[in-house]
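**Student:** Letter by letter, the chains look like this.
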Amino acid sequence: MDIPDVKEKWTSKINTVTIGATKEQGGTRGKTVTVGGASTLPFINFEGEIPNKPVIAGFISDVVPDWPEIILNGIGKEVNSPVEWAQKNVEQFGADLLSIKMIGADPAGKNKAPEECARVIEQVLKAVDVPIIIWGCGDDEKDNHILPECSQVAKGENCLIGSAKESNYMTIVAICKADKHKIISEAPVDINIAKQVNILLQDAGFDLNDVIMFQTTAALGYGFDYVFTIIERCRIVGLKGDNLMAAPQICDVAGETYRVKEAVQDDDILTGWGKLEKRGPMWEAACAEGYFQAGADILIMAHPAAIKSVKKTIHISM
Amino acid sequence: MILIGERVNAGFKDIKNAIVNKDGDVIKEWARKQADANASYIDVNLGTASNKPEALCWMIEMIQEEVDVPISIDNNKPNMLKEAMQVCKKPPLVNSTTAAEEKMNQLFPIVAEHGASIIGLVMDESGSPTNADKRVENAGKIIEKAMEFGLSPDQIFLDPIVMPLKFMQEQAKEILSAANQFQLFSDPPCHIVCGLTNISNDAIHTLLINRIFMAMMIANGCDAVICNVLDEELVNTILTAELIMNKSIYADSYIEAFRKK
Numbered sequence: 012m013d014i015p016d017v018k019e020k021w022t023s024k025i026n027t028v029t030i031g032a033t034k035e036q037g038g039t040r041g042k043t044v045t046v047g048g049a050s051t052l053p054f055i056n057f058e059g060e061i062p063n064k065p066v067i068a069g070f071i072s073d074v075v076p077d078w079p080e081i082i083l084n085g086i087g088k089e090v091n092s093p094v095e096w097a098q099k100n101v102e103q104f105g106a107d108l109l110s111i112k113m114i115g116a117d118p119a120g121k122n123k124a125p126e127e128c129a130r131v132i133e134q135v136l137k138a139v140d141v142p143i144i145i146w147g148c149g150d151d152e153k154d155n156h157i158l159p160e161c162s163q164v165a166k167g168e169n170c171l172i173g174s175a176k177e178s179n180y181m182t183i184v185a186i187c188k189a190d191k192h193k194i195i196s197e198a199p200v201d202i203n204i205a206k207q208v209n210i211l212l213q214d215a216g217f218d219l220n221d222v223i224m225f226q227t228t229a230a231l232g233y234g235f236d237y238v239f240t241i242i243e244r245c246r247i248v249g250l251k252g253d254n255l256m257a258a259p260q261i262c263d264v265a266g267e268t269y270r271v272k273e274a275v276q277d278d279d280i281l282t283g284w285g286k287l288e289k290r291g292p293m294w295e296a297a298c299a300e301g302y303f304q305a306g307a308d309i310l311i312m313a314h315p316a317a318i319k320s321v322k323k324t325i326h327i328s329m
Numbered sequence: 019m020i021l022i023g024e025r026v027n028a029g030f031k032d033i034k035n036a037i038v039n040k041d042g043d044v045i046k047e048w049a050r051k052q053a054d055a056n057a058s059y060i061d062v063n064l065g066t067a068s069n070k071p072e073a074l075c076w077m078i079e080m081i082q083e084e085v086d087v088p089i090s091i092d093n094n095k096p097n098m099l100k101e102a103m104q105v106c107k108k109p110p111l112v113n114s115t116t117a118a119e120e121k122m123n124q125l126f127p128i129v130a131e132h133g134a135s136i137i138g139l140v141m142d143e144s145g146s147p148t149n150a151d152k153r154v155e156n157a158g159k160i161i162e163k164a165m166e167f168g169l170s171p172d173q174i175f176l177d178p179i180v181m182p183l184k185f186m187q188e189q190a191k192e193i194l195s196a197a198n199q200f201q202l203f204s205d206p207p208c209h210i211v212c213g214l215t216n217i218s219n220d221a222i223h224t225l226l227i228n229r230i231f232m233a234m235m236i237a238n239g240c241d242a243v244i245c246n247v248l249d250e251e252l253v254n255t256i257l258t259a260e261l262i263m264n265k266s267i268y269a270d271s272y273i274e275a276f277r278k279k
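Here the protein sequences line up with chains A and B, keeping their order.
Taking the numbering used here, I'd label the letters of the first sequence as residues 12 to 329.
Taking the numbering used here, I'd label the letters of the second sequence as residues 19 to 279.
Source of the hints: derived by calculation from the structure; they are not laboratory data.
Model, not experiment: these values are computed from the prediction.
Note that the Cβ used here is the ideal one computed from N, Cα and C, for glycine as well.
Some hints here could point you the wrong way.
[Unchecked claim] Below, computed lysine-lysine pairings styled on DSSO-like, alpha-carbon distance capped at 30 Å:
| # | chain 1 | residue 1 | chain 2 | residue 2 |
| --- | --- | --- | --- | --- |
| 1 | B | Lys159 | A | Lys20 |
| 2 | A | Lys251 | B | Lys279 |
| 3 | B | Lys70 | A | Lys20 |
| 4 | A | Lys18 | B | Lys31 |
| 5 | A | Lys20 | B | Lys121 |
| 6 | A | Lys64 | A | Lys176 |
| 7 | A | Lys64 | B | Lys265 |
| 8 | B | Lys265 | A | Lys24 |
[What the hints assert, rightly or not] Negatives, chain B to chain A, calculated, CB over 12 Å:
| # | residue |
| --- | --- |
| 9 | Thr66 |
| 10 | Ala73 |
| 11 | Glu101 |
| 12 | Met103 |
| 13 | Lys107 |
| 14 | Ser170 |
| 15 | Gln199 |
| 16 | Asp205 |
| 17 | Gly213 |
| 18 | Ile227 |
| 19 | Leu248 |
| 20 | Glu250 |
| 21 | Ser266 |
| 22 | Glu274 |
[What the hints assert, rightly or not] Only some residues are given here: those of chain A computed to face chain B with a beta carbon under 7 Å:
| # | residue |
| --- | --- |
| 23 | Ile202 |
| 24 | Asn203 |
| 25 | Gln207 |
| 26 | Val248 |
Work out the full structure, taking the sequences as your base and the hints as a guide.
**Tutor:** So, in structure tokens, the structure goes:
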């Protein structure tokens, strides 16, 4: 008796999105990064094509993030300068592109001015030639001031700008259209809102082929499974032909990991859990590898040991 | 949902006249309207206007000049189909075969050769079935034969044969039950299609009957329909029923998003 063919047949594929623009394309990047285009689930190479492997965006921020000394030491003294941190990410950690978060602009923190943020973007763009992802500080009102400034100094560089939500998408669409950038659409662990934000972006005249979805990210142990399921489900309906859900997806692994006790506290507090120096990056890597299996296309990561480990998985498995 | 636009059918006077007078504009206009309403296929039916393959090919060509939606060829004569298949730019849907052995042996090779799909009406030499069991039995015959010719489940559209509510009221329940059982033949299942307008034949509240029956069919696995795709409320019903069956993902603007597609 023949063994039946149980391969899944997908009717559609995930959108292909390119970030960055070279000189010929109107920017100054030395290379571009392309994600998406898959016609199958991650690892299931025999059911379709995976033309572009997932990529790692090196995490940097305008001010030093509130992470444990041990983790910051693992990255190096360069965390004190966005430019040096950017260079180290590209030259030593092997990041495919960079993700810059304007933590310092948070009104509840240092409340840095939009012009200061824009200056950081300018300097980073000069210092490295990989494509960049630009995030605000997470405060909608402040981001409405920061992002236009940052977008403008990066005009033509085809950056990825985050993030468009139900509450602020009009501003993001306007600046991304004007300065030729791509958009991260964000929904708070809610697949229905994720779809709605994409509908709104499309209604506002933004091409969904230029969108990356962000379901927000949960660190391992803190709702990871909810986000995993949403990423996976988006990927499946995208492959089944729901064009509103066929965008590649991004996860902020570093930003979330170094907020949870398992990746922050050393063994003097978490007795028996092992040294944080090793455990922190392990937590980051495990989280990233999980999202990679769910179908994430861009993983934002920080610790070189974690990056190295995940790069190896990507290299071996796809 | 696979929407098959029923309007380019010589049963409608304007289409019949267009075929007789070779007036391509009328055909094109209906093709455009249905494509704009997100039809997945445009059904082409010559009716009694002509029995010549050239006429069928001409209709298909007119549609393809206007839109790039694939064609559903509403004809079951092998000679007509062979010629019509040649002019189709995208793999068409053949509408339709029955479970009669001879018919299937004639049509399946043509479908397989062109990578097309086919609707299988679950009736056989003895006529239309009157209960769910007979419908399921005939569906089984169609699937078995289709597999022999190398067709995959997604190339087969099982049609439980919708009968008018007004004249055969006891049938609707049998049809729904049959559709439900069609899902069990394979995984992934074949498509399940219905010629919707039959249900409301000669009734007064046709639109309401169509919509309600459609929703009930979707609840029983139906994923394709030959219908008036310009009936917005019907399409809204379909979109909503599919959400309720968790076939698509809810978003507040799900109806608006479909219209803007």
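**Student:** Does each hint hold? Answer for all of them.
**Tutor:** Against the structure, the hints:
| no. | hint | result |
| --- | --- | --- |
| 1 | B:Lys159 / A:Lys20 | holds, 24 Å |
| 2 | A:Lys251 / B:Lys279 | holds, 16 Å |
| 3 | B:Lys70 / A:Lys20 | violated, 38 Å |
| 4 | A:Lys18 / B:Lys31 | violated, 47 Å |
| 5 | A:Lys20 / B:Lys121 | holds, 29 Å |
| 6 | A:Lys64 / A:Lys176 | holds, 27 Å |
| 7 | A:Lys64 / B:Lys265 | holds, 29 Å |
| 8 | B:Lys265 / A:Lys24 | holds, 18 Å |
| 9 | Thr66 | holds, 37 Å |
| 10 | Ala73 | holds, 33 Å |
| 11 | Glu101 | holds, 29 Å |
| 12 | Met103 | holds, 22 Å |
| 13 | Lys107 | holds, 19 Å |
| 14 | Ser170 | violated, 8 Å |
| 15 | Gln199 | holds, 21 Å |
| 16 | Asp205 | violated, 9 Å |
| 17 | Gly213 | holds, 24 Å |
| 18 | Ile227 | holds, 30 Å |
| 19 | Leu248 | holds, 22 Å |
| 20 | Glu250 | holds, 18 Å |
| 21 | Ser266 | violated, 6 Å |
| 22 | Glu274 | violated, 7 Å |
| 23 | Ile202 | holds, 6 Å |
| 24 | Asn203 | holds, 5 Å |
| 25 | Gln207 | holds, 4 Å |
| 26 | Val248 | holds, 6 Å |
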